[in-house]
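Asker: Here's the letter readout for the chains.
Protein chains: 2
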Amino acid sequence: MEGIIATPEFQVSLLLFAALGGYLLASRINQSAVVGIILVGLLIGPSVLGLVSYNEFVRGLAHLGAVVLLFVIGFEFKLKDIVRPAYAFIALIGVIVPWVGGYATAVWAGMDFSTGLFVGTALTATSIAITANVLQEMNKLQTDAAKAIIGAAVIDDVLSLIALAITGDVVAGAFHPSVIFFILLKVIIFILVAGAVGIFIVSRFLVKLDNTPFVAKYPEFIFIFAMTFAFLYAMIAEIVGLSAIVGAFIAGISFERLELRKSLDVKEGAEFLKIIFAAIFFVSLGVVADFKALTLDILPFLVVLTIVAIVTKVVGCAIPARMAGICRKDSLIIGFGMAPRGEVAMIVALIGLEQEYIGQAVFVAIIVMSLLTTLITPIIYRNWFFKDEYCEPSPEI
Amino acid sequence: MEGIIATPEFQVSLLLFAALGGYLLASRINQSAVVGIILVGLLIGPSVLGLVSYNEFVRGLAHLGAVVLLFVIGFEFKLKDIVRPAYAFIALIGVIVPWVGGYATAVWAGMDFSTGLFVGTALTATSIAITANVLQEMNKLQTDAAKAIIGAAVIDDVLSLIALAITGDVVAGAFHPSVIFFILLKVIIFILVAGAVGIFIVSRFLVKLDNTPFVAKYPEFIFIFAMTFAFLYAMIAEIVGLSAIVGAFIAGISFERLELRKSLDVKEGAEFLKIIFAAIFFVSLGVVADFKALTLDILPFLVVLTIVAIVTKVVGCAIPARMAGICRKDSLIIGFGMAPRGEVAMIVALIGLEQEYIGQAVFVAIIVMSLLTTLITPIIYRNWFFKDEYCEPSPEI
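Protein sequences appear in the order of chains A and B.
Each residue of the first sequence is one higher than the one before, counting from 1 in my numbering.
Each residue of the second sequence is one higher than the one before, counting from 1 in my numbering.
Pulled out of the complex, with its shape left as it was, chain A reads as follows:
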């Protein structure tokens, strides 16, 4: 049986089986499917049953899931929807407040300067995958709040990257302000060039290709092309230093208006892929967090860190949103929408562990904190924000 557990067939069937269980659980406790799936992931992972570990293959599938998810989310956005000064303002304050909060929490827990700086950095990142999926599930992706969340999250990803670079340099005792400049430069070039190439070249090329005899012969060609494009952009984003999912999202945006006539429907196909792979991704979020590694020593730190993580992001995003003229309820929706740290903080924690900025205990605390922040948004959205009617635009707008 040992040999069977390691087979891809076993792992995928177990991950999907867990996802199905997640749906049933979610329906029973009347929560979002995402919450149910993550909780079942926790159950089959090392925390409880230990049936699946976060090995190379599961990690790879989870990556694919996040990429496909954000690619599909991208279809519903235009670039101009998400590139706005107000969103940059929300993102900036929403990165600084958690960074300071995380640093303060670590210092309060008796940690040194560089650990504190790193814990702060882990709190800066926003994982847009969960919020975006919940908004899509609730059919709320076209609201102003959703656009602000997505826009701010993309910028947030850039800012977190800068925070990570600064932290690394400061800890190594070699910080130069020029670092910020170069990161900003390459990221802005990437987003502009990738967006322009996607929208004006690739998308139009596919529409032309759709009318050729070649595609009439291979109607699946453009679908494979589109998925290749998504992964290619995801990869380039990683090379630039951004999350892969930002690249996938820009690839999705490129196809916002894509209309094909002779080929298979790219959006429909990607949606089907997303269903399977996002489910695997959410299960894996539960699998990666190992509650068993928690010790009593680290528990107070974990509790405070989680509260600080949520409060600093909610406050740090809702206040600038309100200042930008967004109504009170939408500002809170934005604040909680930015709160999940998800896989992004987990990746940051892994870097910290590997480069010995943080120890095993802090690593586990960040992982579990990240999971908990991830669970809160779907629960709050479902039970509170989207229960009654949408808020009136405030007089300021």
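Certain hints may be false.
[Stated by the list, open to error] Mimicking DSSO-like on lysine-lysine, the simulated pairs with C-alpha atoms at most 27 Å apart in a straight line are:
no., chain 1, residue 1, chain 2, residue 2
1, A, K147, A, K80
2, A, K217, B, K140
3, B, K267, A, K267
4, A, K78, A, K217
Don't read these hints as lab results, they were simulated from the structure.
Could you slot chain B onto chain A? The hints should help.
Answerer: Only chain B this time, still in chain A's reference frame:
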């Protein structure tokens, strides 16, 4: 850059990119897409450019590809279409002739008894994935020849399994005829029970589930369920000792008549998954074969082995097919359709290498032979069999 090459995003985008290149190549040389994709796989793999290696992740994705492919192929078959005595007869002769042929080739090349037995075993298995995909591509899955090929290939898989067990036992000096009996027993029980559960329980359950408010709320649930079911059956087939793809195929057959009204269309979704994953699977067939490992010493053996592999399978299947009353052309179509060894022989070769039945040179020869047999069927189908009209039923039928 080293770090990027190892990311799932890089590997998937490269594999899909290779698949796209495969389509272009296939169109240029006027061959089946499968041939083009495998050849481009060879190009990016260790044989030429060395951009992708057959690592755990790629291997895992390739497995998923084969499972999804056969699951989708299964939708077009009924169990009674493929369970026929004539097909068992074709399969049996089509296993014995290559086994003897492979043994004779190895002995001719100066190898010992146990190596010869093992080389023969590697020639027994049929990889149905390639032939089935080519038949689907050509819209010929509903022909009598296609049904015979699929039916015989499933039985062939059982017989190859028995051949492998016999070889292992004989080499270890502990052969008992009861082994055959137990393998046959568990395989027959698996196919009957899995088929019955799939067709009479799971499929009907899903139709009922389709009418519940639960599924109205989560229209993607049944799609995830169906994919879970496919991987579950694939896994059980592996536990029983069969190829995973036989399990996936039985899962697909179970859904042959599935009609859903409120849920997302399972067949459509699985078809989209198949497009991406089968492409990855075919690329990986090229990646796994490393021509560089070939030495001049082994070349004569490889050439003879490949010719023997093709001739013994064509003759060993076409003659019993003709004896069973199938027309001449269909008999040849069946013979060539059974010729690809694909990933099945590669897996057998890997077992042989790990258990030290064969050395590295013979291992490489089997891998490359397997690849070459895989290329021949699409080429012959496309350029010869399906160029002119389908053959008349022979007077015997």
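Asker: Assess, step by step, whether the Cα of K78(A) is no farther than 27 Å from the Cα of K217(A), and give holds or violated.
Answerer: With Cα atoms ~32 Å apart, K78(A) and K217(A) exceed 27 Å; violated.
Asker: Holds or violated: K147(A) and K80(A), Cα atoms, limit 27 Å.
Answerer: Since the Cα atoms of K147(A) and K80(A) sit roughly 10 Å apart, the hinted pair holds (cutoff 27 Å).
Asker: Between the alpha carbons of K217(A) and K140(B), is the straight-line distance 27 Å or under?
Answerer: holds (16 Å)
Asker: Is the Cα-Cα distance between K267(B) and K267(A) 27 Å or less?
Answerer: holds (17 Å)
In terms of the numbered hints stated before, the structure departs from hint 4 and from no other.
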